[in-house]
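Protein chains: 2
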Amino acid sequence: MERITVTLGERSYPITIAAGLFNDPASFLPLKGGDHVMVVTNETLAPLYLHSIHTVLERAGVIVDQVILPDGEQYKSLAVLDQVFTALLKKPHGRDTTLIALGGGVIGDMTGFAAASYQRGVRFIQVPTTLLSQVDSSVGGKTAVNHPLGKNMIGAFYQPASVVIDLDCLKTLPPRELSSGLAEVIKYGIILDGAFFTWLEDHLDELLALDPDALSYCLRRCCELKAAVVAADEFENGQRALLNLGHTYGHAIETHMGYGNWLHGEAVSAGIMMAAHTARRLGQLGMDDIRRVQVLLARAGLPVTGPKEMAPADYLPHMMRDKKVVSGQLRLVLPRSIGQAEVRTGVANDIVLASIADCQA
Amino acid sequence: MERITVTLGERSYPITIAAGLFNDPASFLPLKGGDHVMVVTNETLAPLYLHSIHTVLERAGVIVDQVILPDGEQYKSLAVLDQVFTALLKKPHGRDTTLIALGGGVIGDMTGFAAASYQRGVRFIQVPTTLLSQVDSSVGGKTAVNHPLGKNMIGAFYQPASVVIDLDCLKTLPPRELSSGLAEVIKYGIILDGAFFTWLEDHLDELLALDPDALSYCLRRCCELKAAVVAADEFENGQRALLNLGHTYGHAIETHMGYGNWLHGEAVSAGIMMAAHTARRLGQLGMDDIRRVQVLLARAGLPVTGPKEMAPADYLPHMMRDKKVVSGQLRLVLPRSIGQAEVRTGVANDIVLASIADCQA
Ligand SMILES: NC(=O)c1ccc[n+]([C@@H]2O[C@H](COP(=O)([O-])OP(=O)(O)OC[C@H]3O[C@@H](n4cnc5c(N)ncnc54)[C@H](O)[C@@H]3O)[C@@H](O)[C@H]2O)c1
Ligand SMILES: NC(=O)c1ccc[n+]([C@@H]2O[C@H](COP(=O)([O-])OP(=O)(O)OC[C@H]3O[C@@H](n4cnc5c(N)ncnc54)[C@H](O)[C@@H]3O)[C@@H](O)[C@H]2O)c1
Ligand SMILES: [Zn+2]
Ligand SMILES: [Zn+2]
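Chains as they are written, first to last, in full-length UniProt numbering: chain Z, 1 to 361; chain X, 1 to 361.
Please note: incorrect hints may appear among the correct ones.
It does not matter which identical chain is meant; a pair holds if it fits inside one copy or across any two.
[Stated by the list, open to error] Below, simulated DSSO-like cross-link-like pairs (lysine-lysine); rule was C-alpha separation at most 30 Å, straight line:
(1) Lys91 / Lys171
(2) Lys32 / Lys90
(3) Lys308 / Lys91
(4) Lys91 / Lys32
(5) Lys90 / Lys308
Since the hints were made in silico from the structure, they are not lab data.
Using the sequences provided together with the hints, build the complete structure.
Structure follows, in structure tokens:
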């Protein structure tokens, strides 16, 4: 078992990583007998894991309610969030309740925002079940729902009380979703840790085969990197923005194509390539590095070009609505080398457009 | 001009109180030329004040957008909140925008929650236009919208960057709304300041006549009391709960009667009487004090009995959904004397029911 701490003073919390955690009530820190919980999950995960978690918690004396939402990014909305509030109020759950997010990033982001807002804030536990949510979205307290005019536009910074990562649940994850998570994994290597990028080049096949040792190391390293960034910059005033490598371009893809058609990691993968080409055009990244990134993303089963339905000009209006836009200025995360990145403002639009064109299929 | 500071470390902010503030761009601290703002207001206030504020700010070089919502407690909802997000995203407004809440508690609570959630938090300024919002809701950072199953159930603790109170705007406020605000004013006297209660007994007629000196003193004293409570207990873990005197009973009235039929202050007024009778039945408040409270509320034009449509048993299910309920236990704020109150748990249901019956018309 691996345990990492996200250090945020009074709001510090543990990330627990191991196989078989769902069968042990002690995994679900800091729950104790007598606590009232609401498990928030979706129609795909409920038949797979809800029964066993429910049973384990009830045996430990926890009072368990559940709400099962429809599955999909298009349901990460204010309207579906309201269903969570309705479920909580029907029982009713008080300020001393705990929400448990059992699912991928969609469930985690939405449940986190529900916990931030229900009665102005109740406790919540992240139980991420996709690779993407295990290495990224469950750690760090960014919560949100989408708006038809922009992804993740409504939300809160709100930290969980603990994160419970059971390796076993990746066995039921569709391969395309595993690949999507690998986009964020590879992202960490590019922005923060060149040695980890090299490790990924050496161990990608084991990860794709769900080898437990490789998986366990990979999850630990990603969570450590994320925890360090979050501890240094909880509210994204500085270096935390680096985690958005590829995301400004990627969000444009997700929004334009309609939520749920391109997976988040797929859009980020194409976006990373666009950011890499932008960096190259600004003279700060060599073709060799671009090729290493492109090969690793492609080996992970990820797209390295944008959707053929989108022209470069289709990206800009969406990119201008990005949360990183300040005073109408685009702020782009660009790699400087493999293992290092920076935030740049004032990049000319024609360079951005040309880099997107570099990644047209 | 009166200026009070709400002391919350980095998040400290000023409350400015005077007549004529809307005509001076300097009132709208901390705005400066070049800032982008979204004024959120309603159909009643827009024709009265929006044009002059718009003009004053634009002359100071601020870029001003506006969104005009329907008027009423029934529109303090997630659905109407979404209209604010849509307006912000259409322009689009970035993370560096500022929301200005121009209106009573409904607009203030909703705009505050919009500011807390838009892109995970943007700056906002409270410009309260009702007595109730000037003495209570605009200060302290409690923001929320209602849910059909409970009032203020969805929200955040989120502090404004400043509060701008223009006395002049009370001249257009309907008398029934002025009375509603006086319920919260009288509440401060009962829970925190017996001398202020006596001052109110002596100056109520001047307040009802909108005498500027009386009004100015009253607003300052209420804001000072509120600021002190908030500084000591921002997140309502302790003494801040005292501000809810009458509210647990009052919320039951508001919810049962349908939002908007009983005004917030009217429900609180009846609720204060119920709390006073509960305290009397527990042997901690004398009949003399009850009579003083009842007379002052009645002089202020407020109801001292509950709606005749509601039987005592109708209150309890709503009261159990109160945010102060912990582990299924009702927590009631009860006066100990005029000028002092406390939070009590474990009050028997039949005492609560009998005290509600004491206040049946
Ligand atoms: N908060 C953050 O910091 C952050 C960071 C990155 C991404 N995100 C958000 O995360 C979301 C994407 O998350 P995601 O990629 O986990 O998508 P997801 O939550 O939609 O899950 C992907 C699919 O896999 C299914 N699934 C999940 N776990 C499974 C399992 N163990 N077995 C079988 N099926 C399983 C889900 O039901 C869903 O159909 C996006 O909304 C994105 O904005 C947030
Ligand atoms: N956040 C808090 O700490 C807190 C505290 C107390 C109450 N509240 C909330 O405040 C709300 C009640 O606020 P309210 O009493 O201000 O009601 P309100 O906002 O509904 O305003 C009352 C009415 O007066 C009108 N109005 C406002 N200012 C006016 C003016 N200057 N001239 C003419 N008409 C004017 C409004 O359009 C409305 O019709 C409730 O939703 C309550 O839950 C919040
Ligand atoms: Zn991501
Ligand atoms: Zn009130």
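Against the structure, the hints:
no.: 1; hint: Lys91 / Lys171; verdict: neither (34 Å within a copy, 44 Å between copies)
no.: 2; hint: Lys32 / Lys90; verdict: within (23 Å within a copy, 46 Å between copies)
no.: 3; hint: Lys308 / Lys91; verdict: between (48 Å within a copy, 28 Å between copies)
no.: 4; hint: Lys91 / Lys32; verdict: within (20 Å within a copy, 48 Å between copies)
no.: 5; hint: Lys90 / Lys308; verdict: between (47 Å within a copy, 26 Å between copies)
Hint 1 from the earlier list is the only one contradicted by this structure; the remaining hints agree with it.
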